[in-house]
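Asks: With the sequences and hints as input, model every part of the structure.
Sequence order for the protein chains is H and F. Just so you know, we're using our numbering here: the first sequence kicks off at 1 and counts up by one. Just so you know, we're using our numbering here: the second sequence kicks off at 363 and counts up by one.
Hints were generated in silico from the structure; no laboratory data involved. Misleading hints may appear alongside valid ones.
[Claimed, not checked] To list a few chain F residues with every Cβ distance to chain H over 12 Å, as calculated:
no.: 1; residue: Q401
no.: 2; residue: I507
no.: 3; residue: K580
[Said to hold, decoys possible] Taking lysine-lysine and the DSS-like style, the derived pairs with C-alpha atoms no more than 30 Å apart in a straight line are:
no.: 4; chain 1: H; residue 1: K283; chain 2: H; residue 2: K223
no.: 5; chain 1: F; residue 1: K399; chain 2: F; residue 2: K559
no.: 6; chain 1: F; residue 1: K399; chain 2: H; residue 2: K358
no.: 7; chain 1: H; residue 1: K350; chain 2: F; residue 2: K580
no.: 8; chain 1: F; residue 1: K559; chain 2: H; residue 2: K319
no.: 9; chain 1: F; residue 1: K399; chain 2: F; residue 2: K410
no.: 10; chain 1: H; residue 1: K132; chain 2: H; residue 2: K223
no.: 11; chain 1: F; residue 1: K559; chain 2: H; residue 2: K349
no.: 12; chain 1: F; residue 1: K399; chain 2: H; residue 2: K351
[Said to hold, decoys possible] The following label-pair restraints were derived from C-beta to C-beta distances:
no.: 13; chain 1: F; residue 1: I566; chain 2: H; residue 2: S324; range: 31 to 39 Å
no.: 14; chain 1: H; residue 1: L343; chain 2: F; residue 2: P425; range: 37 to 45 Å
no.: 15; chain 1: F; residue 1: H501; chain 2: H; residue 2: G262; range: 48 to 56 Å
no.: 16; chain 1: F; residue 1: P568; chain 2: H; residue 2: L343; range: 18 to 26 Å
no.: 17; chain 1: F; residue 1: H501; chain 2: H; residue 2: G311; range: 43 to 51 Å
Even glycine gets a Cβ: it sits at the ideal position worked out from N, Cα and C.
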Amino acid sequence: MNESTRRERPTIGQILDQNGVGRRRFLKYCAGITALMAMPPGATRAFAQQLRAARRPTVIYMPFQECTGCLESLTRSFAPSLESLIFETISLDYNHTLQAAAGDAAEEARHEAMRDAWGEYILICDGSIPTKLNGQYGTSAGHSFIEQLREAAEGAAAIVAVGVCASYGGVGAAYPNPTGAVGISEIITDKPIINVPGCPPIPEVMTGTLISFLASGVPELDKHLRPKAFFGNTIHDRCYRRRFYDRGLFAESFDDEGARNGWCLYKLGCRGPTTYNACATIKWNGGTSWPVEAGHGCLGCSEPGFWDQGGFYEPVTAKLFRDSGQIAGAAAAGIAVGAAAALAANRRKKKLSAAADKETSS
Amino acid sequence: MSLLEFSRGPMLHAALIIFVFGVLWRLVATILLSRRKRQSEPRNPVGKSAVGGAIAVGSRSWPHPEFIGRTAFGEAVGYGYHLGLFAIVLLGAPHVVFWKNLFGISATWWPTLPGGIVSILSIATIFLMLIATIRRMRHPVLRRISNFDDWFTLVILYALMLTGVMAVFGIGGRYEIILAAHIISFNALLIWFPFSKLMHAFYIFPSRFFNGYLHSRKGAAS
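Replies: Here you go:
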């Protein structure tokens with residue numbers, strides 16, 4: 001890519017100054033982000049300095065095999081809001097759901113943005129990638145999703161996979177996975193990838209991850225490539241109903257006394273103990289509530305393969321197999337082998353007894 | 363497939379198949395063994411002999427008065443950790459949920475103990491198991507009659523208990539890994555069960571009953 005074709009992009013600080021965003025508002029914004037990420041208060045100033053100095057990045061948002069739920073969630077981010085993210089922090093140059101342009105014009109805009117910021121843009125991916133039939137289960141603008149992903153990933157500085165589908169395949173990859181759906185990290189292996197799973201992910205986690213990447217690069221990730229700042233604790237660890245679990249007080253059904261008293265939903269299939277996410281602390285809709293507070297157990301939507309972990313109303317220790325007569329067959333076989341063993345032992349005993357009698361009489 | 367999925371899925375299924383096969387093999391083979399024909403007139407009718415069997419089940423489950431000074435400690439420790447295990451396995455909320463799901467029953471009457479009590483019981487049970495293990499290692503007779511069967515069973519039991527406590531207290535790593543290790547330990551117990559001295563769980567009371575019954579039954583009626 002010819003360096004001269006690139007537009008000189010302003011820093012985020014310059015954009016903020018142009019838009020008249022004051023220091024106080026900016027520091028408040030940074031304090032919100034650092035608080036979301038559980039960073040110490042002292043880190044806010046350094047974070048703000050790094051963010052101001054960062055170049056306003058080009059962001060290409062590529063939807064693949066998805067339901068648009070993640071984008072719906074992202075548009076409902078409160079702090080930072082998507083508008084502030086788009087106008088103040090990033091340059092969202094391609095998202096075919098949000099942008100006015102369509103068809104060839106949209107594709108041309110994407111290619112132009114990629115050319116202009118080759119090697120530096122952030123690629124956000126949403127949805128899984130179908131791999132069967134050479135990726136023909138998912139095509140756009142005459143190209144398979146695999147081709148589009150590889151092309152867009154080549155010039156990306158980093159990839160942020162939003163949603164459980166882009167992260168691990170999600171519902172598309174659920175058994176029997178007819179399209180061979182996989183997450184982004186199974187196709188692209190030579191770029192930094194940050195997974196922000198969820199169905200959908202918490203909006204503030206998506207925007208917070210982006211901002212933190214701009215300020216300080218790829219954050220510390222767990223083994224599933226999730227930012228530890230948001231996915232470091234289980235739902236169960238942070239759940240306000242945890243005290244009821246510890247006291248052995250459980251809702252047995254969704255309309256019993258336990259449910260009305262707000263007791264633990266473990267017995268009703270809550271996957272909080274094995275799910276790493278920030279729902280219990282950041283909550284949803286600007287901190288209004290979250291699924292467990294609304295009376296329903298956690299579905300574990302930020303975990304790989306969460307669709308195939310048994311029924312949503314079965315506990316986290318529930319069996320994950322279907323017995324189609326194997327155990328009954330084992331019982332019948334055990335009885336048969338036991339009877340045969342007893343028969344053989346009885347015959348041997350009789351034989352030994354007869355031999356002993358013969359010896360005595362002789 | 364994650365470790366937790368493996369432990370809850372194919373491994374648990376295979377362990378249950380082996381457990382059911384092995385236990386029924388051992389039980390049926392024992393039940394169908396031929397019994398020696400008694401030539402003498404029975405001392406007591408069947409009903410009275412059955413009462414004798416029931417009495418033997420009770421009397422042999424308690425230290426004999428003559429030896430109580432020497433056996434009471436060992437029996438108390440043994441009873442202690444067995445009762446602890448039963449309470450944890452049958453009344454711990456996650457276990458009750460597991461059994462209900464495994465057997466496909468709702469059983470809303472099945473009570474559970476508060477997590478704090480189960481935690482205390484778990485630690486007390488591990489402590490009693492440790493005492494029993496040290497006693498087994500140091501007691502001259504117990505040491506000589508212990509073999510691989512006993513030690514391997516203890517290894518599985520310790521793994522099961524320790525991973526359970528670690529899962530509850532959130533120590534030793536990520537919860538799902540510890541939980542998987544706990545379920546794998548349980549699966550190992552199921553697989554090992556039919557071929558080990560753990561079968562005493564099925565044999566102990568019937569054998570005591572049968573001994574008592576025979577002692578009451580045999581011999582000429584006076």
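Asks: Now, for every hint given, state plainly whether the structure supports it.
Replies: Quick rundown of the hints versus the structure:
1. Q401: holds, 14 Å
2. I507: Per Cβ check, I507(F) is outside 12 Å of chain H; nearest 24 Å; holds.
3. K580: Per Cβ check, K580(F) is outside 12 Å of chain H; nearest 19 Å; holds.
4. K283(H) x K223(H): holds, 24 Å
5. K399(F) x K559(F): Given that 30 Å is the threshold and the Cα spacing comes to 29 Å, the pair holds.
6. K399(F) x K358(H): holds, 19 Å
7. K350(H) x K580(F): holds, 22 Å
8. K559(F) x K319(H): holds, 27 Å
9. K399(F) x K410(F): Holds, at about 19 Å.
10. K132(H) x K223(H): Holds: K132(H) and K223(H) sit about 27 Å apart, inside 30 Å.
11. K559(F) x K349(H): holds, 24 Å
12. K399(F) x K351(H): holds, 16 Å
13. I566(F) x S324(H): 31 to 39 Å: holds, 34 Å
14. L343(H) x P425(F): 37 to 45 Å: Holds, at about 40 Å.
15. H501(F) x G262(H): 48 to 56 Å: holds, 52 Å
16. P568(F) x L343(H): 18 to 26 Å: Between P568(F) and L343(H), where Cβ atoms are some 21 Å apart, the hint holds.
17. H501(F) x G311(H): 43 to 51 Å: holds, 50 Å
Checked against the numbered hints listed earlier, the structure breaks none of them; every hint is satisfied.
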